[in-house]
Amino acid sequence: MKKRMIHFLVILMIGLYLLLPVAATFLYSISKMWSNTILPSGYTFSWYQELFTDPRFIAALGRSLWICIISLGLSILTMVVTVFVITLYLPKLERFFQAIVMLPYAIPGVVAAVALIKTYSSGPIVISGTVWIVIGAYYIHILPYMYQGIRNSLRTIDAKRLMEAAEVLGASKINAFVHVVLPNIIPGIQVSSLLSFSILFGEFVLANMLVGGQYETIQIYLMSRLQENGHFSSAIVITYFVIILILSWMMLKLGTRLQNKERKEQVS
Amino acid sequence: MKQKIRLFAIFALLPFAVLVIAFEILPLIRMIIDSFLNDEGNAYTLNQYITALSNPYYSKGMINSLLISIYSSLIGISIALVTSYSITQMPKKVQSIIITFSNMTSNFSGIPLAFAYIILLGTSGLFTLLFKELGWDIFSSFNLYSWSGLIAVYVYFQVPLGILLLYPTYSGIQKSWRESASLLGASSFQFWWHIGLPVIFPSIVGTFSILFANAMGAYATAYALVGGSYNLITIRIASLVGGDVINRPHLGSTMAVILGLMMIGAMLLNERMMRRVRRDLK
Chain A
1 MKKRMIHFLV
11 ILMIGLYLLL
21 PVAATFLYSI
31 SKMWSNTILP
41 SGYTFSWYQE
51 LFTDPRFIAA
61 LGRSLWICII
71 SLGLSILTMV
81 VTVFVITLYL
91 PKLERFFQAI
101 VMLPYAIPGV
111 VAAVALIKTY
121 SSGPIVISGT
131 VWIVIGAYYI
141 HILPYMYQGI
151 RNSLRTIDAK
161 RLMEAAEVLG
171 ASKINAFVHV
181 VLPNIIPGIQ
191 VSSLLSFSIL
201 FGEFVLANML
211 VGGQYETIQI
221 YLMSRLQENG
231 HFSSAIVITY
241 FVIILILSWM
251 MLKLGTRLQN
261 KERKEQVS
Chain B
269 MKQKIRLFAI
279 FALLPFAVLV
289 IAFEILPLIR
299 MIIDSFLNDE
309 GNAYTLNQYI
319 TALSNPYYSK
329 GMINSLLISI
339 YSSLIGISIA
349 LVTSYSITQM
359 PKKVQSIIIT
369 FSNMTSNFSG
379 IPLAFAYIIL
389 LGTSGLFTLL
399 FKELGWDIFS
409 SFNLYSWSGL
419 IAVYVYFQVP
429 LGILLLYPTY
439 SGIQKSWRES
449 ASLLGASSFQ
459 FWWHIGLPVI
469 FPSIVGTFSI
479 LFANAMGAYA
489 TAYALVGGSY
499 NLITIRIASL
509 VGGDVINRPH
519 LGSTMAVILG
529 LMMIGAMLLN
539 ERMMRRVRRD
549 LK
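Respectively, the protein sequence lines represent chains A and B. Okay, so the first sequence: first residue is 1 according to the numbering used here, each after it adds one. Okay, so the second sequence: first residue is 269 according to the numbering used here, each after it adds one.
These aren't lab readings, by the way, just hints derived from the structure by calculation. Wrong hints could be hidden among the right ones.
Claimed, not checked - Cβ-Cβ distance ranges computed for the label pairs, FRET-style:
no.	chain 1	residue 1	chain 2	residue 2	range
1	A	Y17	B	T356	12 to 22 Å
2	A	T44	B	L536	31 to 41 Å
3	B	P283	A	M102	12 to 22 Å
4	A	F8	B	P324	48 to 58 Å
Here a beta-carbon is modelled for each residue, glycine too, at the ideal position from N, C-alpha and C.
Construct the entire structure; sequences and hints are all you get.
What follows is the structure, encoded as structure tokens:
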């Protein structure tokens with residue numbers, strides 16, 4: 001029993017440690033004035049009001065959503081087909097393919113940005129400083145997560161045998177893929193898409209180095225307003241964090257539903 | 269028929285191939301070639317590598333990054349090791365709640381995290397004021413905008429990641445092993461020293477390499493805290509390529525290649541260790 005108390009205390013302390021920065025930021029964002037006192041001297045929601053009526057914030061939010069959705073859409077469209085074709089029909093290429101899609105996981109944002117700037121600021125194609133280079137960089141950035149999600153889904157449903165079964169029953173390859181395989185892997189794609197989306201939504205280095213202030217995303221906006229007013233900045237931080245929390249909550253719900261479904265299928 | 273399938277496969281892979289070549293392969297090759305060019309960009313040389321490794325200004329940035337990554341990973345992994353063990357001692361339902369909570373806080377990184385620490389420990393931060401009021405001067409030597417501050421912030425994002433990676437390995441230590449060990453007269457310490465630790469050791473090394481790489485590549489946190497004034501490898505690279513003070517783009521490529529190699533090394537180490545974990549647990 002005494003041992004249990006110690007474990008409980010350890011978890012409690014770490015929990016507080018992890019919660020503290022978030023809690024302090026939240027408190028800061030709803031306080032009127034907070035200087036030279038331990039606790040704020042009054043509470044207000046005016047910082048949020050100011051934030052949500054700031055056209056610059058709305059525009060930055062819109063830009064972030066836009067580039068995240070475009071890169072994610074591009075990724076879903078191309079990766080589902082590619083992973084499917086590689087795992088089912090070109091297993092010889094799998095190791096090589098894996099190396100290519102996992103490599104971005106080891107490449108930090110700064111390095112990727114340098115490589116892209118080198119390639120596209122001179123020469124035949126100059127897209128450095130435009131939104132297209134960010135979309136390209138983001139597409140590469142989420143490859144590892146999309147790949148793992150799609151491959152795991154294909155494995156759990158045993159796509160190979162599903163395809164064979166559909167083809168024996170007279171379906172063409174394309175029909176079998178669209179009507180049999182695809183509906184079965186959609187939940188898996190949803191989970192990895194949400195994960196990728198939240199990663200891109202919080203991305204700063206690539207966006208800042210590749211386009212910077214010319215295309216202000218939510219993180220660049222936050223960075224530029226950090227020095228101005230602490231209360232206002234904490235309202236941005238909390239808003240951003242709430243969006244991320246909603247995304248991860250959705251991910252969790254989808255993930256558990258997926259697991260339950262798999263368990264049920266295994267039982268029956 | 270076979271021909272048709274092949275044709276279709278090529279057609280299906282084309283968009284992916286174009287994007288990956290354009291935004292991953294080609295840029296990386298270009299950067300590597302670039303790293304061997306001299307400052308004028310008209311001849312190949314190893315000088316950039318010599319400068320990066322021997323010029324104190326740049327090598328210091330590398331060493332700083334290495335040290336800060338090692339320290340923050342060591343502290344982070346120790347906390348995570350203890351915490352994830354404590355988590356395994358909780359009822360199953362509580363365990364999943366704590367893991368979810370820890371995963372959620374892992375999203376709190378980069379600029380938002382640096383900002384939160386400024387509120388807590390900055391010059392007029394919550395704790396700075398509290399400690400001043402209480403008259404504790406253990407913290408008067410602590411400065412958020414110095415090395416100790418940077419390590420404190422880095423540790424915060426290492427802990428949830430460490431818990432996430434280490435927590436599953438404890439399930440590899442089966443209850444029956446503990447029981448048989450204690451039946452044979454082993455103390456708790458002996459059990460951990462001779463059985464528990466060797467079993468989880470590869471995943472500790474693997475997790476360490478991930479945390480290390482995570483800190484090595486971090487940029488936003490330090491940048492938000494003190495701008496470009498820290499001498500870290502990532503900040504050096506960014507200012508060499510896009511900065512306005514000194515612009516030596518080829519040296520930037522060189523340092524980026526060095527950093528990339530370090531990261532790939534850390535990831536390969538992790539993969540090797542994880543393969544060992546999986547084999548041991550089979």
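So, going through the hints one by one against the coordinates:
no. : hint                          : verdict
1   : Y17(A) x T356(B): 12 to 22 Å  : holds, 19 Å
2   : T44(A) x L536(B): 31 to 41 Å  : violated, 52 Å
3   : P283(B) x M102(A): 12 to 22 Å : holds, 20 Å
4   : F8(A) x P324(B): 48 to 58 Å   : holds, 50 Å
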